[in-house]
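Sequential numbering from -4 applies to the sequence shown in my numbering.
Keep in mind that the hints were calculated from the coordinates and are not lab data. For every residue, glycine included, the Cβ atom is placed at its ideal position computed from N, Cα and C. There's no promise every hint is true.
As the list claims (entries may be wrong) - Straight-line C-alpha distance at most 27 Å; calculated DSS-like pairs for lysine-lysine:
id : residue 1 : residue 2
1  : K(-1)     : K70
2  : K58       : K70
3  : K64       : K171
To be verified - Label-pair ranges, simulated between beta-carbon atoms:
id : residue 1 : residue 2 : range
4  : D56       : S14       : 23 to 33 Å
5  : E174      : F228      : 25 to 35 Å
6  : I223      : A177      : 23 to 33 Å
7  : E84       : N0        : 32 to 42 Å
8  : S14       : L91       : 37 to 47 Å
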Amino acid sequence: MPRKNYDWTLPPEIESRLSAESYGPQRAIHEAGHLLIILHRPPSEDDDLNRERILFLLPPDGKLQCNGKPDGEAKLKRLITDYRTRWEELDRDYSLHLDASGLFELIEAVTPLKRSSANLANTLQSAREASQDNRFLIGMRDASQDIARAFEILLSDLQTALDFRVAKNAEEQSAKTEEMAAAQHRLNLLAAFTFPVMAVATLLGMNLKHGFEKQHPSIFWSVLGAGILIGFFVRSWILKKPKAKKPQKLTKPQD
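Make the full structure from the sequences, and use the hints.
This is how it looks when you write it as structure tokens:
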């Protein structure tokens, strides 16, 4: 698809630096006393790959044009305002303290704007250098650099906030895992303590004649005490930490 032509006449030196299909990336072309400034509008959230271009031409008479029309200064101010408006919207969304999913969506939205605004500032810097003392372009260059810096800071804040939330969630998950492990450990200790008593009670509770039916009640208490004592030994065995192995000394190989 051929690139769009506008109601102006570009010098052959500039035409030779343009392709027949597109005006290309954001840049400033200064040839034969004419300054062509190729800029991009803020990227759309729905289509990040395609860029809508807006062209400015500064002829030797110093009257800035936009897409073939003489309202170049107003259109360039409007372009800067559009970038600033997008930053204000995204910064306001960030202030809502979104969760990790919301922060990730914001990062996806801010990243192309950060790149585009940085290229915008670099292009206007090149245009300012080519136009030398054009006060309007100097002001627009300064404004674009402020916006590019604002997007850079916003993206950094979003990434930091996302990293913090991810780390916090991991810490909370680790704490829950430790709580579950501690609860499981307490259950294991309880089982170790009561297992001998339950085992003896199960054996004595069988419908078999074992000779203890008519014995003195002290036998019952003796068996119970023995089971509890064994439970203490089992509990101590579970809590006992294994001995650390001593590191083996390295022997010097013999020649």
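Hints and how they fare:
no.: 1; hint: K(-1) <-> K70; in the structure: holds, 18 Å
no.: 2; hint: K58 <-> K70; in the structure: holds, 13 Å
no.: 3; hint: K64 <-> K171; in the structure: violated, 65 Å
no.: 4; hint: D56 <-> S14: 23 to 33 Å; in the structure: holds, 28 Å
no.: 5; hint: E174 <-> F228: 25 to 35 Å; in the structure: holds, 28 Å
no.: 6; hint: I223 <-> A177: 23 to 33 Å; in the structure: holds, 24 Å
no.: 7; hint: E84 <-> N0: 32 to 42 Å; in the structure: holds, 34 Å
no.: 8; hint: S14 <-> L91: 37 to 47 Å; in the structure: holds, 43 Å
Violated hint for the displayed structure: number 3, the only one.
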